[in-house]
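S.K.: Based on the provided sequences and hints, a complete structural model is requested.
In UniProt numbering, the protein residues as written are 1 to 191.
Since the hints were made in silico from the structure, they are not lab data. Predicted model only: the values in this text are computed from it and were never measured. Every clue listed holds true.
When the alpha-carbon atoms are kept at most 20 Å apart in a straight line, the in silico EDC-like pairs for lysine to aspartate or glutamate are as follows:
(1) K174 - D146
(2) K42 - D154
(3) K39 - E125
(4) K161 - D127
(5) K66 - E29
(6) K27 - E57
(7) K4 - E109
(8) K66 - E90
(9) K60 - D18
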Amino acid sequence: MTTKIVYTIGHSSHSLSDLIDVLIKLKIESLIDIRRSPKSIKNPQFNSDTFPTILYEQTKMNYFFKGDAFGGRRKRKKSLMDNNGLIDSELRAYADHMQTSNFIYSFNELLSLISSQNCLLMCSESDVNECHRSLLSDYLLLKGVDIIHIILTDKNISTFKHILNPIARLTNDKCIYPLNDDQFKKNINEI
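M.R.: The structure is reproduced here in C-alpha cells:
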C-alpha cells in the first residue's frame, strides 16, 4: 500500500503567482482552504471572492473551503480535559474542536479525498508551529498520512516532514493531547 502525502502551506504575504507556481510544481489536484475566515485585508489576493476562480482558471485545480470544520480560532470547551497537555490556549481550543462531530465527519471526508488526489492544506500563517495546521497534521500522521510542510521564501521552496507532537495520542479514533499518561488515566476515570 502506498503512503499518502498531504502538503501544507501558509500563504502569508506571498504573491498569488508564487503560490500557484508551487502548486503546479507539486502537481496539486485539490487545495483545501482551512482558514476560519477566507478573507484578508493585508493579503486580498487570497480572498475567497476571487482566489478560487483565479486558481481554477490558471490550474484547473479544485478548491474546497473547509474553514467551518477545520478553521482555527476556536473557543475552549471547558468540559474537555483531554487536551490540557497543550500550553497554547488557542491550540488547546482547537484540539477540543477536533473532538466535535462536525470535525470528525469532515476529517473522514478529507481522508477520503486525499486517498484519491494530491492535496494541499492552506492557511495564512507561514509558520506551521504557530498554526492549527500542526494539530490537523498530527491527526493525519496518526492516521497514516505523511505530511510535508512547505515554506516559501523569496521564490525559494523548502519542505520538511511533519514531526508528531510527542504528547499527541490516538484514543477512540480521536487525536488528543493529554498532560501525561497518568493524568490522562485520571481524567478518563472521572468521566
